[in-house]
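Residue numbers 1 to 65, in this note's numbering, belong to the letters of the sequence shown in order.
Hints are computed from structural coordinates only; laboratory data are not their basis.
Possibly wrong hints are sitting among the right ones.
Using 25 Å as the maximum straight-line C-alpha spacing, the simulated DSS-like pairs for lysine-lysine come out as follows [stated by the list, open to error]: (1) LYS19 / LYS62; (2) LYS38 / LYS6; (3) LYS23 / LYS38; (4) LYS38 / LYS19; (5) LYS47 / LYS23; (6) LYS62 / LYS6; (7) LYS6 / LYS19; (8) LYS62 / LYS38.
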Amino acid sequence: MNLTAKELMQLDDYLTLEKSCEKSLQFYAGQTQDQQTKAMLEQMTQKSQANFQRMANYVGSKNKQ
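Using the sequences and the hints given, assemble the complete structure.
The structure is reproduced here in structure tokens:
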């Protein structure tokens, strides 16, 4: 399935938001003193990184088509 230029732009916007979310989570994980909260934020950061990478790979493959 080919994506339209508009759809690719929307996915690019999603990537920008996901990267922003990742950076915010990293910041807050570094600020908190509570170990449970820190662990939760670090786990959320890892999931955000995985989401970003998965979507970036998808968008990259669609741009090559």
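Verification of the hints:
1. Restraint check: the Cα-Cα separation between LYS19 and LYS62 comes to about 20 Å, which is no more than 25 Å; the hinted pair holds.
2. Of the supplied pair hints, the one linking LYS38 and LYS6 is violated, its CA atoms being roughly 38 Å apart against a limit of 25 Å.
3. With a C-alpha separation of about 14 Å, the suggested pair LYS23 and LYS38 falls inside the 25 Å cut-off, and the hint holds.
4. Pair hint LYS38 plus LYS19 holds up; C-alpha atoms about 19 Å apart against a cutoff of 25 Å.
5. Annotation: proposed proximity of LYS47 to LYS23 holds, straight-line Cα distance about 12 Å (limit 25 Å).
6. Note on LYS62 and LYS6: the hinted pairing holds, with a Cα-Cα distance of about 13 Å set against a maximum of 25 Å.
7. For the hint linking LYS6 to LYS19, the alpha-carbon distance of about 20 Å falls within 25 Å, and the restraint holds.
8. At most 25 Å may separate the alpha-carbon atoms for a hinted pair to count; LYS62 and LYS38 exceed this at roughly 36 Å.
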